[in-house]
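Starting from the known structure of chain A, arrange chains B and C on it as the hints suggest.
Respectively, the protein sequence lines represent chains A, B and C.
Heads up: the first sequence begins at 3 in my numbering, then just goes up one per residue.
Heads up: the second sequence begins at 3 in my numbering, then just goes up one per residue.
Heads up: the third sequence begins at 3 in my numbering, then just goes up one per residue.
No lab work stands behind these hints, which were simulated from the structure alone.
Where hints are given, some of them may not hold.
[Claimed, not checked] One side of the interface only, derived from the structure: several residues of chain B facing chain C at Cβ under 10 angstroms:
#1 T4
#2 H6
#3 Q175
Yeah, the Cβ is synthetic: ideal placement off N, Cα and C, and Gly gets one too.
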Amino acid sequence: MTKHIAIITDFGMDDTYLGMMKAAIAGISPEARIIDLTHAIPPGDVQRAAFEAWRVRSYLPPETVLLAVVDPGVGTKRRAIALKLPGLYCVGPDNGLFSFLLYSTNKYKAAELVNPHYQLQTISNTFHGRDIFAPAAAYLAQDIPLEDFGPISQELVRLPDPLLEDLGAGSIQGEIMQSDHFGNLITSIGRFDNTDDDLSFKPWIPPFSARTIIAQDYEVILPQGNVVPLGRTFGDAPKGEALAYIGSSGLLEIAINGGDAAKTLNLTPGDEIIFKLKG
Amino acid sequence: MTKHIAIITDFGMDDTYLGMMKAAIAGISPEARIIDLTHAIPPGDVQRAAFEAWRVRSYLPPETVLLAVVDPGVGTKRRAIALKLPGLYCVGPDNGLFSFLLYSTNKYKAAELVNPHYQLQTISNTFHGRDIFAPAAAYLAQDIPLEDFGPISQELVRLPDPLLEDLGAGSIQGEIMQSDHFGNLITSIGRFDNTDDDLSFKPWIPPFSARTIIAQDYEVILPQGNVVPLGRTFGDAPKGEALAYIGSSGLLEIAINGGDAAKTLNLTPGDEIIFKLKG
Amino acid sequence: MTKHIAIITDFGMDDTYLGMMKAAIAGISPEARIIDLTHAIPPGDVQRAAFEAWRVRSYLPPETVLLAVVDPGVGTKRRAIALKLPGLYCVGPDNGLFSFLLYSTNKYKAAELVNPHYQLQTISNTFHGRDIFAPAAAYLAQDIPLEDFGPISQELVRLPDPLLEDLGAGSIQGEIMQSDHFGNLITSIGRFDNTDDDLSFKPWIPPFSARTIIAQDYEVILPQGNVVPLGRTFGDAPKGEALAYIGSSGLLEIAINGGDAAKTLNLTPGDEIIFKLKG
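Extracted from the complex, chain A is given alone in its bound form:
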């Protein structure tokens, strides 16, 4: 079976670091297929990478190896791990990168990457992405058992939960998680399954408590107090007007039709918004 290695880093595309990682993989598992997820995580922003990993997860082919290297603590005592989840392997530093993937399962185990047999011969102090993580991903793609990499544990570093709070009276509070290339703002409020006018709300952050929401009854309140209506897609708002909608990850998003919401509304990650029952 073709094995895929999907890569997230904060390396950018300007240096040859990513190329060195791919070369290291190619030297070990030339048949593995690489999927570049993103290399534009802001330097050291572990939460952003964890959120992207969570967003892409359901689209990855079965048994993909997710290789995530956002590693500000490289060369210090933070552990290097490989993690097995149902249908997915993860490789990276144990700094919380895989926190959000663990929300939906407790069937996981992690190996500490200490077996030098599955590392490059020389290990630098500052680039474990190439010397430890890329080789581990390449060997996992060859079905080397997790146990061979090092001691197994379930204790992993976890990030704090993003904001997703029930305010009562049908209102839900969340935060801006990030803006994308188009300036669309992705929030922590979701997941929603969009079935016509009824939205099935299944919180992605535990504890779970699913419910059904009638879309027409809702609107979004921005930090400055502005009210943004809920639509289905960009074209539902007049050109240049803001709207909220259930985005492609099942999360509430805010956009401006034909415009850049992040710039125009001046919202940044961490800003709080409310998904509110009208009236």
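For chains B and C alone, coordinates are given in the frame of chain A:
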């Protein structure tokens, strides 16, 4: 036979949208080979994407699937299509993206992408690139017949023709189409086959009327009236000087040897220029 | 055996030039695997590309074809070459791109790429990357012998050596070669094999004269006279403080823990630094 899927989008490389599309393809057709053409089309700039599709076309391996997603109307009533041309499949929204590819043939047919069997299970309102177009490209790479995707038609949305006009007396008027990474300006004037000093001019925009032009007799007039001489390559002009030449797509281009013509000459897409018989 | 083609260019990722090169390769050698090393070499900066080629070299799988296109002299009389080194093929213009790879061996031979059978049918004057170099790389990946491409020679254009000078009294003078995405500064001083506290210094620029250095005894002097201590990794310095360390290429680097050294220290390529015995 190896099947190639060549991708053009306006997604940028900073988000995981492109990665999700590639993951969706990998889940369906793991053996297909991806060729990234560009993901830096300015957001929503359908003409730019159509022009890039036209420029790369003759270099794509036979039976490549060209997956183009510049889709400002996503989720509205614009159709999703797969298009069969001689030796090439195209997949994307029916918004004119493939207009310029249709200049050279009327042997084409398009299917509307409505068969849910060839889409992801859940279709978002804002990301048909991942949910509809990427799967269609992946299934086309598996030789699923066009007819299976949906009803066939030949009526497609077309973009207006770029400017390419015969002014008489041997002069041809055109426009700046785009500038590239080096600041070289690519115009709509062409195609030329460069055979030594004779240029064989075969207009790429119908109606066609081919002729032979003697290169030494020509020069280029910029909007401000400056005259730029015609050369063969950058090194034919002194360092820092402007020249026109037949570029690598067979179109007239304007560059500054060792410099950035777009910035220095202050020209942008849509600016009109004249390819003129001297004297 | 899977053949890899690793690509370095100054094309950026915004145009379709790189995509055209990959399409040309795919048309000839669909089974070859592409490794993107970097496409962000500053336009025309041959030394930077040569340095990146040297840095990645030891990570490339055996018999990789390194396709390097930084070609300000395209269309002039500069030669197009394919170069065979032990375990590596190189393809590109003969303008010094492979200079630093030749430091470690004299077992090499180069062919001038003149055989039209291994080029695209139409050769533009301004894009030999697509028309000559990409096809040559694709045919080399098919084990076409070097001799078939054109006449063999050993005379190649060489770049000047970067600065790496023994100042006596244990001090070594070098220069900043480049800064990376994180603002870390990579110098010409190395290579060092890091074995605990002893650094084995084996100059990468001939003439070679290896020696052992005791890391604790050394510090780095910046052009303005500031002294930077030598550490092992970023976390060895307090947050916001500068440190020097042996980087992942075995070269001395300068970083600021959690910061951007290039910006904060205001150092650029060519600036001279000294690796100095303390006291």
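Hint check:
Taking 10 angstroms as the C-beta contact cut-off toward chain C, the hint placing T4 of chain B at the interface holds, the least distance being around 4 angstroms. Hint on H6 of chain B holds. Least Cβ distance to chain C is approximately 5 angstroms, under the 10 angstroms limit. A least Cβ separation of about 23 angstroms between Q175 of chain B and chain C goes past the 10 angstroms threshold, and the interface hint is therefore violated.
In terms of the numbered hints stated before, the structure departs from hint 3 and from no other.
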